[in-house]
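Heads up: the protein sequence lines correspond to chains A, B and C, in order.
Under my numbering, residues 1 to 453 are what the first sequence spells out, in order.
Under my numbering, residues 1 to 294 are what the second sequence spells out, in order.
Under my numbering, residues 1 to 329 are what the third sequence spells out, in order.
For the record, the hints were derived by calculation from the structure and aren't laboratory data.
Remember, predicted model here, so these are calculated numbers, not experimental data.
Cβ coordinates follow ideal geometry from the N, Cα and C atoms, glycine included.
Wrong hints could be hidden among the right ones.
[Said to hold, decoys possible] Calculated cross-link-like contacts (lysine-lysine; reagent style DSSO-like; alpha-carbon spacing at most 30 Å):
1. LYS170/A <-> LYS72/C
2. LYS309/A <-> LYS247/A
3. LYS87/C <-> LYS8/B
4. LYS170/A <-> LYS247/A
5. LYS192/C <-> LYS244/C
6. LYS42/A <-> LYS192/C
7. LYS188/A <-> LYS290/A
8. LYS290/A <-> LYS87/C
[As the list claims (entries may be wrong)] On the chain B side, residues computed to face chain A include the following (Cβ under 7 Å):
9. PRO235
10. PRO239
11. SER242
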Amino acid sequence: MLSCDNRVQDTTDDGRVIVRYWEKWTDFEYDAMRAVVDDFNKSQQRIYVEMTQISEPDRKLILATAGGNPPDVAGLWSYNVSSFAEKGALTPLSNRLDAVGINKGQYIPALWDICSHRGEVWALPSTPSTLALHWNRRLFREAGFDPDTPPTSLTQLDEMAEQLTIVEIKRDNETVRVRYTELTDSEKAAKDFRIIQLGFSPHEPGWWKQAWGYWFGADLWDGDRTIEADSPENIEAFEWIAGYTEKYGVKNMLSFGESFGNFSSPQNPFLDERVAMEIQGVWMYNFIEKFSPNLDWAAAPFPSAYPDKLPNVTIVECDVLVIPTGARHPDEAFEFICYVNSQKPMEKLCLGHRKFSAFIEYSDGFVENHPNPFIDVFIELAKSPNGKTTPRTPIWESYEDELIVAADRVYRHIATPRDALAYAQNRSAKAMARNLRVWDATAEARKKEWADQ
Amino acid sequence: MTRGERRKFWTGLAFVSPWVVGFLVFGLYPIVMAAYYSFCNYNVLQDAQFVGLINYQEMLEDDVLWKALYNTLFYAIFSVPLGLIVALLFAVLLNRPIFGRSIFRMLFYVPSIVPLVAIAMIWLWVFNGDVGLLNYALSLIGIDGPNWLADPAWTKPTLILSAIWMVGGAMVLFLAGLQDVPRSLYESAELDGAGAAKQFWHITVPMVSPVIYFNLIMGIIYSIQELVRPYIMLPDGGPDRSGLFFAVYLYQTAFRDLRMGYASAMAMLMFFIILLLTWAVTKLIQSRIYYEGA
Amino acid sequence: MPRFGFQATRLILMIVICGVFITPLLWMVSTSLKPLDQTMQMPPRWLPYEWQATIDGQLVAVDLKDSEAVVKAGGPIKVEVAEGPSKGEPHTLDASQLQRKIAPQWGNYKEAVHEMREFPRYLRNSLILCTLTVIGTVLSCSIVAYGFSRVEWKGRNTLFLVVLATMMIPFPVTMVPLYGLFRELGFIGSLKPLWVPTFFGTAFNIFLLRQFFMTIPRDLSEAARIDGCSEFMIFIKIILPLAKPAVTVVALFQFLYAWNDFLGPLIYLTDQKDFTLALGLQFFQSQQGGTQWHYLMAASALVLLPVLLLFFFTQRTFIEGVSMSGLKA
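Just chain A, with the same shape it has in the complex (with noise of 0.2 Å):
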């Protein structure tokens, strides 16, 4: 009756099995993946990739496949792996691999692991990140440090933050800016002044900000079974992000953090040189060159607390390709994946996103050739023992819900470090208790289950 009903499709008209593909990027991303997809059913006689554009993939894609409606190839991040299988939402692919002949030796260490859930593989990497300190040279300048001297330690960016800060602030009834290492101590402890330029803030961009105590040394669990949200280090994590607001004001940082333009936009507050210093990743290269191409910035690993003990901290992720449960065309669709996943089309599409390859090996001038002229910083950071990865638990999703709301509560002087953390492990504690209850009543009959697909 209507064209909207019966609209999957299985062959194109020359007979070709349609792959659906779900990609959640937009912009030069999504532009990437599409020469990647171009040339692969140019490649093909018998596939044929149909590729969709789709915004809040994971939700959407939980939704679809609960439905019974799932498409056959879909993009994620890595950190929803776990939670995606357990819940029993994706294709295992270890079977698959093996036959053909894919294993972690050829990947990155890490990113082998993050696709991977209870010794099986669900996923396999599209293009890796790593997270890197991006500073403003000329701000650098303007605040008489050497552009080329990044912080080594975090207490040094604390220090460097405080002299890259300029406020506002009323002195014998004429408003003056000043730099926050010029104020007197009564007019620090006042706090009442207007942000103009920031050095630095635990929550901007405010992606990462559950996660600041890997740079403490903290793993946020014991990597099987416990969670340890309220670890010393951790704790210690969220003290420093509390020390920021207790030092330049809640109202102060609240208020300035309202005026942020879009992230992907020349409103970005690093882009428009309103923050000095910012933890980013390898895209933010792109964003760059893209909104404000004169900004003058360098990258370099952002630093522990604890430098000689913990060098090159960082959080390795990826985009990944899966097979959602229920996919009409599973060999098809897995046939794309190891596609995406041979050396010459995964280098293009992470030249394509401006990252680095998911290989170990580079084809020659990869790394040379990259536009980003940073690339081997963030490479280095990615086989970097302290590369850190979202813990691998389907509880994730609600355990990052967790530390993001005790890192606004602590952020905001709601709640103490101590407790807003010991109300985090607490309910992520019963959350995964839940899970195991679950798991161990069930982990026979679905490894059996897996293992036979």
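Based on the hints, put chains B and C in the right spot on chain A.
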């Protein structure tokens, strides 16, 4: 039943049969199943497993759930009566002939029919702490406005204030009710020397009391299940979960975490609360409702 | 005299309150026509503008390179020509050479549609859904309402109480099992879960139509019965034509409901190609991170516009319909 009666019975039933089928499939079945799932471990992808009272036990210990319930009730307790009062006052103001009356009525009513998504979007903008229109207006009268949706103390008031904007439907109902109040009542009250306030309390309020009751019940039912506005304005519940509503938490539990058993238990609690409140309000004010000819 | 004073006070009061009520909508329109930097301006200006200056005897639009504060202070101001062949040319001007001109950015609407990517599809889906649900509702509700009002049968009133009671079932309570049900039926990922149920009647609309049907004199049906008409023929030939105003109201309500519905589409529509405008708008916002306010407001205005138009042209029918829905049973 006589033969004629029997024929009429089947004819009548034939006419209402679409609804009967719809009710059984889309009304009764889901409720029964929700009750069943509330005792199960269920995620749609695997078969439901009966687990007894575990979901209900977990609800007792889930402080986020209680916080969400508190937020929702807090919202309902303020927004429902406030909305009623505002709607009734507007209706009274509009009841007597006034220049441009139908335009005023239309303007009041418009906000209650525009898409909630768009409304939520507009409010996000108006309540922006830094460049929002509201804080600018407040600054004109010397008030340093709060960071509304970014401040845990102000998220709920923000949602309450923005709800009052949508009282148009209730207002039109009041207006219809007021039109039915005989003029003679006011005239004789005026002869007795009753002032405007007295007339309002002793004539207007009792005469429209059935409409008050209707709006009150509907207001309670809708505010307890309010989902769209808080979901769009505060998708993750806002700072410190201060704006996390019960229905939003339920939605996320069901469709993000796929914990549908637990979500069903929450749904049962919501249903129970709505029934309880409806019953309590009815008991409380039933004797004070004035029915024409009763 | 006091009466007149009272009237005047009342009128002023009404105007003020109405002003407050309508401000958010006007603010939406105003924002939707501004360039991005003006949306963030404090103090805000209602009318979007651009700067113009007379350069070489020609009035041209210019981009301000200094802040507005400099203009106020009256010092020399750096500008760049914003249009014409000498675009990008820098100049330094005196404040008196500059003037503000009202310049709504209609292009924002085009951009917003473009940024939403699938806008035409969303629109098409919304219209399909509105049409189907209006047909479904009008058909089913009028038939059912007839059974509840024009035929006398045992148990009718009891069953009608059940109809009224179903209005109290909150959607969040039934959404999980409904999702499972639609999954079994293979409806997820299509528009079906949103329109199929409307063919089985909705309590509120049944109630509305029943109220109206009750007001039609019984004699009309009786006369037709004596002529040998079946109940169905009476419904089609006599009652339905008479009930046109009420049916219109129901159709209007249903159209609005389908157009505005967000929760249903959010849960059941998994494929971006199936999204309705309301859902598309929210995804646009979540994608944006919600800060390109001029585009967001333009998109919101576009979603809102059909509703407003419909309302303006049908407001009398509308208000009567709402008034009818008050409990007078």
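Here's how the hints hold up against the structure:
Straight-line distance between C-alpha atoms of LYS170/A and LYS72/C comes to about 21 Å, which keeps the hinted pair within the 30 Å bound. With a CA separation close to 27 Å, the supplied pair LYS309/A and LYS247/A stays within the 30 Å bound. In summary, the hint linking LYS87/C to LYS8/B is not supported, as the alpha carbons are separated by about 82 Å, beyond the 30 Å threshold. Proximity of LYS170/A to LYS247/A is assessed by CA-CA distance (about 18 Å); at most 30 Å being required, the pair is judged to hold.
Between the alpha carbons of LYS192/C and LYS244/C the distance comes to roughly 28 Å, so the proposed pair stays at or under 30 Å and holds. Between LYS42/A and LYS192/C, the direct Cα distance comes to roughly 36 Å. Violation of the 30 Å bound is thereby established for this hinted pair. Taking the CA atoms of LYS188/A and LYS290/A, the gap is about 37 Å. The hint is violated against a cut of 30 Å. Only pairs whose Cα atoms come within 30 Å are accepted, and LYS290/A paired with LYS87/C is accepted, the gap being roughly 21 Å.
For PRO235/B, the interface hint is violated, the least distance from its beta-carbon to any beta-carbon of chain A being 10 Å, above 7 Å. Given hint, PRO239/B at the interface with chain A, holds; its Cβ is 6 Å from that chain's nearest Cβ, closer than 7 Å. Residue-level restraint check for SER242/B is violated (minimum Cβ-Cβ distance to chain A is 9 Å; threshold 7 Å).
Hint check: violations occur at hints 3, 6, 7, 9 and 11; the rest are consistent with the structure.
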